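Asker: Chain residues, written in single-letter form:
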Amino acid sequence: MNLTVNGKPTETAATSTLQNLLDQLRLDCQQVVVERNRAVVLRQRFAEEFLAEGDTLEIVHFVGGG
Amino acid sequence: MIVVVNEIGQEMPADSTAGSVRDQLKPDADVMIVNGFPAEPGQGLVEGDRLVLIRRGEVPDREQLDALLTARHTPGVHERVRRATVGIAGAGGLGSAVAIALARTGVGRLIIADFDLVEPSNLNRQQYFIDQLGQPKVYALRDTLARINPHVHVAACHLRLVPGNIAEIFGAVDILAEAFDRADQKAMLVETFAAHYPDRPMVAGSGMAGYGAANSIVTRQRGRKLFICGDGSTAAAPGVGLMAPRVGIAAHHQANAVLRLLLGEDPAG
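Protein chains in written order, with this note's numbering: chain R, 4 to 69; chain F, 360 to 628.
Worth flagging that the hints you see were computed from the coordinates, not collected in a lab. Bear in mind the structure is a predicted one, so any value in this text is a computation, not a measurement. Among the clues, some could well be false.
Facing chain F, a subset of chain R residues (Cβ under 8 Å, in silico) [unchecked claim]:
hint: 1; residue: L30
hint: 2; residue: Q34
hint: 3; residue: V36
hint: 4; residue: L45
hint: 5; residue: R46
hint: 6; residue: A50
hint: 7; residue: F65
hint: 8; residue: G69
Glycine included, each C-beta is placed from N, C-alpha and C at the ideal position.
Extracted from the complex, chain R is given alone in its bound form (with noise of 0.2 Å):
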């Protein structure tokens, strides 16, 4: 399934969780703020949030500091 992930195509598998493209990044799902079609996802509904093909996602990955 093809994606765009902060601007860049992506390829994840074809029956993907918003989860498995965090997994697939290696990123923490405590340490992100995801927009999925400009819309926020809650970090609880990772694991049950299906992508879809097209889909545009904004993943924003935070380090500490401050």
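Since chain R is already given, all that's left is putting chain F on it; use the hints.
Answerer: Using the frame of chain R, we list chain F on its own:
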């Protein structure tokens, strides 16, 4: 002739001196500054001179301070920022500097929330003083802001922000500045606020530890209403501490992003 006295134009006789204007408009002033330089009472004035009359230790009232700030800002800017309410989540290195920058800019209302106390290790980068050790940060910061501009309304919330109270505490804000330390807390705050108020802008910080190049810190739009200030990657870690210069740069990116949003400009533009 017109002389600008404490930022307000005044019609004065042609032979006026700093001292004669003082005697007429503010006889208790003990400091006179003409066009940016300290002046003696006998100094003559000409059309268009700027005279500032100060009584040491006196706090200007709201009207006077508004006139001073209005004169310092581009027309229209002061009125727009004064009507604004900005939330600041966290009062550490980022939040304390963002708050001070926005108070100096004249933002009318700040809502600041943090559970922490001022510790000695904070003084390497956070805007606190040695005589504030042990105080809740939000109260120490409120005191400092009052010394800068007593007419900024500051709501200081000494509590831990959690998913259950974020929407209520920041319900009145036009813009929220994320100023936490931990990455998971940053993500929690941004997610929670965006879920409740999807149309309100947020300005967050990510990546400002160490002493890498200042120019690697930028403001980017990431998502519909989210702006991120920082280099995006340099986490605080053993050997890569948080230091005043880069934390201050990131904080002032955040403050400038807030200001640009309030004025209808693109923060990342």
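Asker: None of the hints should be skipped; say for each whether it holds.
Answerer: Hints, one by one, checked against the model:
no. : hint : in the structure
1   : L30  : 11 Å, violated
2   : Q34  : 4 Å, holds
3   : V36  : 5 Å, holds
4   : L45  : 6 Å, holds
5   : R46  : 6 Å, holds
6   : A50  : 15 Å, violated
7   : F65  : 4 Å, holds
8   : G69  : 4 Å, holds
Hint check: violations occur at hints 1, 6; the rest are consistent with the structure.
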